[in-house]
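Chemist: In order, the protein sequences belong to chains E and G.
In my numbering, each number is its position in the first sequence, counted from 1, plus 262.
In my numbering, each number is its position in the second sequence, counted from 1, plus 333.
Just so you know, the hints here were simulated from the structure itself, not pulled from any lab data.
A quick note: this is a predicted structure, and the numbers were derived from the prediction, not measured.
Backbone N, C-alpha and C fix where the C-beta goes; we use that ideal spot for every residue, glycine too.
Some hints could be false.
Straight-line Cα separation of at most 30 Å, DSSO-like style, residue types lysine-lysine; simulated pairs [to be verified]:
(1) E:K717 x E:K535
(2) E:K528 x G:K512
(3) G:K512 x E:K535
Partial chain G-side listing against chain E, Cβ under 8 Å, derived [what the hints assert, rightly or not]:
(4) W437
(5) L678
(6) A682
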Amino acid sequence: MDGTFFLDLLRRAISWSDHAAIVYLLVINTSYAVLLLASIPELWRHWRLAADEHLQRLLASDALPPLSLMVPAHNEEVSIVPSVLSFLTLEYPNLEVIVVNDGSSDDTLGELMRAFDLYEVPPAFPVSIATQPVRAYFRSRLHSRLLVLDKANGGKADALNAALNASRHAFVVAVDADTLIEPDALMRLARPFLLGANVAAVGGTIRVANSCTVEFGRVTDARVDTRWLVGCQVVEYLRAFLFGRLGWNRLGGNLIISGAFGLFRKEYLVAIKGYRTGNVTEDMDLVVRLHRYLRENGIPATLPFIPDPVAWTEVPTSARVLARQRERWQRGLIGTMSEHRGMILNPRYGTIGMLAMPFFLVCELFAPLVEVIGWIGLLVGLAIGAVDAGFAGLFLMVAVGYGTLLSVWAIVLEELSFRRYRRRVDFWRLVGFALIEGLGYRQMTVFFRLQAFWKFSRGVETWGKMTREGFAPRGS
Amino acid sequence: MSFGVALGVIGVTQGVFLVLLLLFLVVRRAYDRRQRAAFVAARGNIAVPLRAWLVAGAHPEPVVRAIRALPQGTAIGYVSLLARQTIPAAQREELAASLRGEPWIAAALAQRSSRFWWRRLEAARALSLVGESRDRAAVDALIFDPHPAVQVAAISALPRVADAVLIGSVLDRLFRFPKVVRQYLTSVLRQTRSAVGPALALRIRHGTELAELASWIELAEVIDDHEAIAAALLRGDHPAEGVRRAVARALRRHPGPDALRVLSALVGDRAPSVRAAAARTLGELGATASAPVLAPNLSDPVWLVRLRTAIALAQLGERGRAVLRAARDGDDRFAADMASMISGLSDGALLELADA
């Protein structure tokens, strides 16, 4: 055996792995195309409903169920007061806002005390889920609908559980303190309950707030950020929400309701013991456990996603923060899939077990591994002559071209339905980012996600620091 | 097919698709802009004839002509908007008669049995303004359409076509509607209270089905029909919790010794939701004499009952506040906690919490 033999073997291995990667990418992108096709009738249905002004007015009536808005806050002294004010002034007739100061080391609580004239009240609430100790409960002399909890730090999930304990109403909405909710978003989110659907939870759309004009905690002018990193995320969010989740709606297997904006029936959350602490993507874990509970108890309730209620969030502007976020999301996905592996391909769990979870396992969890193998194989293969330029072109088309087509499709869906970006310049920016997203940005996020396998194997459970720029008020 | 050809086919297909999508986006934007401009202009053209017709009593034909110029879906939407406006009955009939002969209205009405819900919605919207007694069967069918949006639109036509049989049919199936539809139906039924009241009172007096009975009593409360609420008074001892709770809520529309007697009994009900509802109603009625009856419920084992009782006591003025002060200084921790929480609220905050 000489060097030629090994080189030949390497060439064969690389050629084989690249062919496998192409088939895999073809399967992934075709799955997304199926989701896209499935999302079209869903989007049409929701758009018709959202466009019915009369029904919308009725949906804003007293028929709306009372809601408890749960806001975990950790070191939010700069933004907590305007955030809470924006929540208190949402267009919803019967709403209580529960802010949980989760062991902040800054003056979050002090800001709240001063701004809302808080006074301490006894813990007059039934506690159904164990949490870190709650140090005090406060009510506001100015807004009776505001309740503030001050507790020892236990993380976001623990804070949400404390809010869940203190909530009075049958429906709860979990939001992040830095999420900007559109004024009528809660009314839209409650629509399935009002229309008689048997619903356990509802998810709404999250959009990117960077560069948008924000006045008094509201996005008043939607813009697309000019920065490449942020612009690509705008397209990514559109794709994920407009056809990813809507498509799964149609297929009956929605696995994610964003932790930044989701409505839940409280009795089911309490039944599954609320949010699980220690999980870095508590939202996905919660939804999978909810599906599991509903299926195992024969409860025919659904978890739909509806596209028109919108909340805005700030996305990372630096590669370092984006890396932490994507690594954490991937680590959470691995953890959730590993924890609930018994559901995968288990007919007992219906569409979730037979379709959604296998999809997430194959097309989301393993995607970074296969894609990286494919890219490295392609480069090495080109260098040693294992693959030719024609094959490299095919790989690019499948890996990049197909994805670009899907991104442009997401923009088509946005244009046909809600069209938040009114300016022509923003529209062209969206198209531009959709065209370039597949070259560089996608590969970068694949690399970030890859790190999660290593960290998961080492048992890392930290979130990593998420620094934000904050929302600039108009004119600043 | 060789590898090169396959590559070319895929590449060309992707490229063509991409170009087509981009072209579509550009054309769609331009088309939308033109449509929006035309719509704004057409809508502006309605304002003058509409004012002339509504204020100066001019012939409705120019209004009909202006609506006709809108795209059909928008025109039907505008018709349903007019149906919800406060327009004198004679003028409304005049407009309805003029619209009825319009081919686009006839086309919309012909969609009443379409398998697509948005087409049935157009039919229901058209009926909300031009519906006549001959359309009763169509309205009846559309009210019980599987789609809530169609139900809501058809309910708008109810006052135009309703007779005793149709009202009876709607009342008998009231509890089957989704919540938002029931809410809207209630507001429409309020307009036909004189016809609904006796039918409702009869059903409350003799009804046996729990879901139906509770929704009838809730309807009596919302439409504020005296005869029907008086009938509800007699169902305060019904074995079903939902019915007793509905009675406790409805009696806020019926202040008087009879209501206070029933509410005082319901404050001690075995079901916590009924005790809470009765306390809430007593607070809303400002029944100061009920403070001693409410006081023991500050120690109720159920949090919601304690909360509603404390709010009610705070609403009863000095007599209630005295009970809260005594509880705050008392030995019962639950009562003391709730009393101190409610006592700390300002009047505005208390009002807000009472409404929640």
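Chemist: Taking the hints in turn, state whether each one holds.
Modeler: Here's how the hints hold up against the structure:
In summary, the hint linking K717 of chain E to K535 of chain E is supported, as the alpha carbons are separated by about 27 Å, within the 30 Å threshold. For the proposed pair K528 of chain E and K512 of chain G, the alpha carbon gap of about 19 Å is at most 30 Å, so the pair holds. At most 30 Å may separate the alpha-carbon atoms for a hinted pair to count; K512 of chain G and K535 of chain E meet this at roughly 29 Å. Given hint, W437 of chain G at the interface with chain E, is violated; its Cβ is 19 Å from that chain's nearest Cβ, farther than 8 Å.
With 8 Å as the threshold, the beta carbon of L678 of chain G comes within range of chain E, its nearest partner Cβ sitting at about 6 Å, so the hint holds. Below 8 Å, beta-carbon pairs count as interface contacts, and A682 of chain G has one with chain E at about 3 Å; its hint therefore holds.
Violated hints amount to a single one, hint 4; each of the other numbered hints is respected by the structure.
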